[in-house]
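Q: Residue numbers (numbering that gives the first Met the number 0), protein chains in the order written: chain A, 0 to 292; chain B, 0 to 289; chain C, 0 to 412.
Each hint can be trusted.
Dumping the calculated DSSO-like pairs for lysine-lysine here, alpha-carbon to alpha-carbon at most 27 Å:
1) K232/C <-> K133/C
2) K203/A <-> K100/A
3) K173/B <-> K8/A
4) K100/A <-> K7/B
5) K232/B <-> K50/C
6) K73/B <-> K232/B
7) K232/C <-> K145/A
8) K145/A <-> K60/B
9) K64/A <-> K405/C
10) K356/C <-> K133/C
11) K13/B <-> K100/A
12) K341/C <-> K290/C
13) K290/C <-> K133/C
14) K64/A <-> K385/C
15) K73/B <-> K50/C
16) K8/A <-> K197/B
17) K287/A <-> K173/B
Only part of the chain C face toward chain B is listed, based on derived beta-carbon distances under 7 Å:
18) Q36
19) T37
20) N60
21) T69
22) S72
23) S73
24) N74
25) N241
26) D245
27) Q267
28) S268
The hints are simulated quantities; they were obtained by calculation from the structure and are not laboratory data.
Beta carbons are placed, not taken as given, at the ideal position from N, Cα and C, and that holds for glycine.
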Amino acid sequence: MKRNTMSYKIRQYLMFAGPATLLFCGVVVIPLIYGFYLTFTSWDGISKSKPFVGLTNYITAFGDKAFWVAMGRTLIYSAIAVILVNVVAFLLAYMVTRGIKGQNFFRAGFFIPNLIGGIVLGYVWKFVFNSAFVAIGENLNIGFLKNSWLGTPSGAMACMIIVAVWQYAGYMMLIYVAGFMSVSKSLIEAAQIDGCTQSQATWKVIVPLMRSSFVQCIFLTITRCFMVYDVNLTLTEGGPFNSSVMAAMHVYRTAFTERAFGTGQAEALILFIVCAIVGVTQVYIGRKGEVAA
Amino acid sequence: MYELENAKAARHRKIVNAFMWVVLLVLFIAFIFPFIMSVINAFKANTDINRFPLSLVGPRKGFIFDNFPTAMEKMNFWGVFGNSLIITVSATVLTLLFAGMCAFVVTRNNWVACRLIFALMIASMVIPFQVLMIPIVSIYGGTLNVLNHRLTLILMHTGFSVSMATFMYSGAIKTNIPLELEEAALIDGCTRWQTYWKVVYPLLGPTTATVAIIDAMAFWNDYLLPSLILTNKPLYTIPIATQIFYGSMGGSDMGCVLAALILAMLPILILYLVMQKYIVEGVTSGAVKG
Amino acid sequence: MRKLGFAIATLAVAAMTASPVLAATDLTVFNSKSEIQTQFEEEAAVYSEEKGVNMEVAMSNDPVITHMGTRYSSNNPYVLSMVDAKDIYSLTPEHGIDLADLEAAADTDYAIEIDGKVAALPFCIEARGVMYNKTAIEEITGEDFDPASVATLDDFKALLDKLVEGGMETPVAIMKEDWSLAAHYLAQWVEEQEDPEAYVQALCAGEGDIINNEKFNSLMDTFDVLMEYNYAKDSAVNADRNKSEDMLAWGDVAFMFGGNWDWSLIVQSESDCEMGMMPVPQNTEDGSNTKLVGGGSKYFFIDSSVSEEQQQAAKDFINWFAMDAEGQDFVSNTCALVSPYKSNTLDVSDPLSVSVKAYADAGNLIPNYNFFPDDHITKAGASMQKYLGGEIDRQGLADELTEYWKGATPIEH
Chain A
0 MKRNTMSYKI RQYLMFAGPA TLLFCGVVVI PLIYGFYLTF TSWDGISKSK PFVGLTNYIT
60 AFGDKAFWVA MGRTLIYSAI AVILVNVVAF LLAYMVTRGI KGQNFFRAGF FIPNLIGGIV
120 LGYVWKFVFN SAFVAIGENL NIGFLKNSWL GTPSGAMACM IIVAVWQYAG YMMLIYVAGF
180 MSVSKSLIEA AQIDGCTQSQ ATWKVIVPLM RSSFVQCIFL TITRCFMVYD VNLTLTEGGP
240 FNSSVMAAMH VYRTAFTERA FGTGQAEALI LFIVCAIVGV TQVYIGRKGE VAA
Chain B
0 MYELENAKAA RHRKIVNAFM WVVLLVLFIA FIFPFIMSVI NAFKANTDIN RFPLSLVGPR
60 KGFIFDNFPT AMEKMNFWGV FGNSLIITVS ATVLTLLFAG MCAFVVTRNN WVACRLIFAL
120 MIASMVIPFQ VLMIPIVSIY GGTLNVLNHR LTLILMHTGF SVSMATFMYS GAIKTNIPLE
180 LEEAALIDGC TRWQTYWKVV YPLLGPTTAT VAIIDAMAFW NDYLLPSLIL TNKPLYTIPI
240 ATQIFYGSMG GSDMGCVLAA LILAMLPILI LYLVMQKYIV EGVTSGAVKG
Chain C
0 MRKLGFAIAT LAVAAMTASP VLAATDLTVF NSKSEIQTQF EEEAAVYSEE KGVNMEVAMS
60 NDPVITHMGT RYSSNNPYVL SMVDAKDIYS LTPEHGIDLA DLEAAADTDY AIEIDGKVAA
120 LPFCIEARGV MYNKTAIEEI TGEDFDPASV ATLDDFKALL DKLVEGGMET PVAIMKEDWS
180 LAAHYLAQWV EEQEDPEAYV QALCAGEGDI INNEKFNSLM DTFDVLMEYN YAKDSAVNAD
240 RNKSEDMLAW GDVAFMFGGN WDWSLIVQSE SDCEMGMMPV PQNTEDGSNT KLVGGGSKYF
300 FIDSSVSEEQ QQAAKDFINW FAMDAEGQDF VSNTCALVSP YKSNTLDVSD PLSVSVKAYA
360 DAGNLIPNYN FFPDDHITKA GASMQKYLGG EIDRQGLADE LTEYWKGATP IEH
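This is chain A alone, in the form it adopts within the complex:
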């Protein structure tokens, strides 16, 4: 069999990656290109005419102060949330792979937050922050619980971060658990025979081999945090006084509430590019020194 001919390569590619490529291009690539075209129009999202306006939308987007404020806020939020999510997730994964009694139960428990979708989740947490915590504060006379945290700008931000940790830690834990478990037992035993304690074996042998888990988890948390919308919408509604409007929410409002569809689309593309740069850089750095298993 000839392995270097073009037709062999094409057949192989189509056989394995054909369906995935087709579907992926159908829902992502082609709509993206069409969406890109829309950024050069002043379409309002409803009307039949889509007048061509050149770069106006990009000029508006770059001059939109509120957009850049939201973008900066998203960066801060993402940085804190990404670190906390991954620290918590890794520690959870470490603790539930040590063979502790009931570890499967814990694994299931920590994953439970992923069983509900973003919209509902925001409502439930709003209820918890607004009603449950406040009621606890009043009953037990705990000062900092008496007023809902959602009422101040920094409190609302903290709530968003808490929910992010709660929402994603279990999910990332699963990936870390898979990473822990894919490291061969014999490697660890070999390390222990060589005189490593268990924690040494963890840090010197397992963790370096889990590099791809780290790359995956950090990438996933970065992208999710960057594009947070559901929870933003139902938990804080952007409030108090628009102090918690994240980039995606700003984009949505521009495009659909203010009906500047072209500008919204242009801002979304900018968000996409910023996010892509951060995410891909992270993967690139992470992958560079990957240890071959």
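With chain A fixed as given, assemble chains B and C onto it according to the hints.
A: Quick look at chains B and C alone, frame taken from chain A:
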């Protein structure tokens, strides 16, 4: 001497584990606190939910079960449940098949097409969905007219999720599948196709289980995409059907919201608990490293 | 390989056959009033059976324009849509038909006309004002409560003090939602101007002189008093709407600014208190403190691209809704809303709507100004939240509003 040290290590380990167990328990309670609140309040009238969120039984209207039948009737529960089930299962299976295959060819070959599609897939994970929603609707609704079919939604779900699934499979293939194994299979006369299905795919069990759960969860809960694709009532999925309980202006029927939340969660919770076992088996069966 | 192919084929077939082949739906209706969705659906089922049409009612929690945008983009418009007045101005010039030949059009004073055509007909009358819990007030004061007795801010404040003395420490609730603060409360300052249209023009030109505007100050004086007696004073920008409504329903507070749509939440509280709605108290003599603000609300329009039979079915429905005894029963009793059609003389069943109907029948409604810019709610709403939270004072609020209006474009009409 050696034994003594061993015993000491074992005792040390026991203490550490006990400590961790307590930490886990505390965290666990914190993690499920919102669910405890949801379950408690799902059995109360709205006035009690709003005013006495912590009480186990509503002081004003007492313990009520009405929220569940009311919610089920209003959202046509069994109908939308069936839709969600068909869509979730089909899309998950397709994602697992297509993404695994795609990851295999992409990871094991350094062809231009492979690098291009992989880069595109990674980049696509950071596209805000809002960018795509109107274009998708105008292309598939306006031009091709294929909205309001479950198959359309299934294929679209698959299209959106293959990128991340490919990414995860690719990581697993790279780290967990020794190249020698594939080479041996080739020498034994397997084609690439056979090698993939007979040698590689069985070793990807843990990743398959993980991807399956994560995607099934995402499909089951997704709101935005189904709400665009399925606009005819008989086709609604659970998340679209529950929106009837949220007022559009911040006031909502909390009792029904919480009841619907629990109803929507139960099936997937059961699935997870079943799959959870499978993940552990898949990982510990020793197949991973030959 | 064969197994896999088979699996995919089976799945595909299963998914295909599972999608029911839809019989041509004659009458698709969009309902943007989510609180009556259940009632509307039930009525649609009965109506379909009686009239031999296939009527299906859908709702969405997305912004109306977003939802309609996706329907138009996919060439799948609703035959009949019920949307907010401001949406009518952006949707109907391109997508609506003239409704002038409907009998119902002659039966109402609230139709929207654009370029000499009847573009839309109203679904109901809604109005905003201060809701009160009569039972709770009378329990403390021991005398009959007449809302007319607290038309001025001074009298209103005196009553609040009396309630406080009587044990109701914080008799007021304020909704923190931006739409309530901006589109409902703050909007009233524009709507009370002698010529709102001209005033908005002046605002856009930067000449509104907000801080010295009599109406602005009068309404903000009242708002200050509401804030002073607010139960959630310490976390005013985070008051939970569900909780506030419940407190009003059970008489833990006596007053809250809102509108008759709040009834859908109050009714969930299942309290027995007697409720009502009154104008916003103000120290003024021009009579604006004896009127609610409101008018026609939620408008029907018919799509121009659907078949003539479908358009006719939609027209028949509007006529039935407005003038048939069953249709009137649906709006007044089932939905407990005030009908904007003169031939409907039924009494409404919800107490807030009773107040609204009384004011409407007496001609005591200040009309809505329907052309606030699309971003007014989020931006002016944020400024009002800052004021409510004590972040800025009245001067600061006026400055922010002046700044906002400078770059604003009202909805074309």
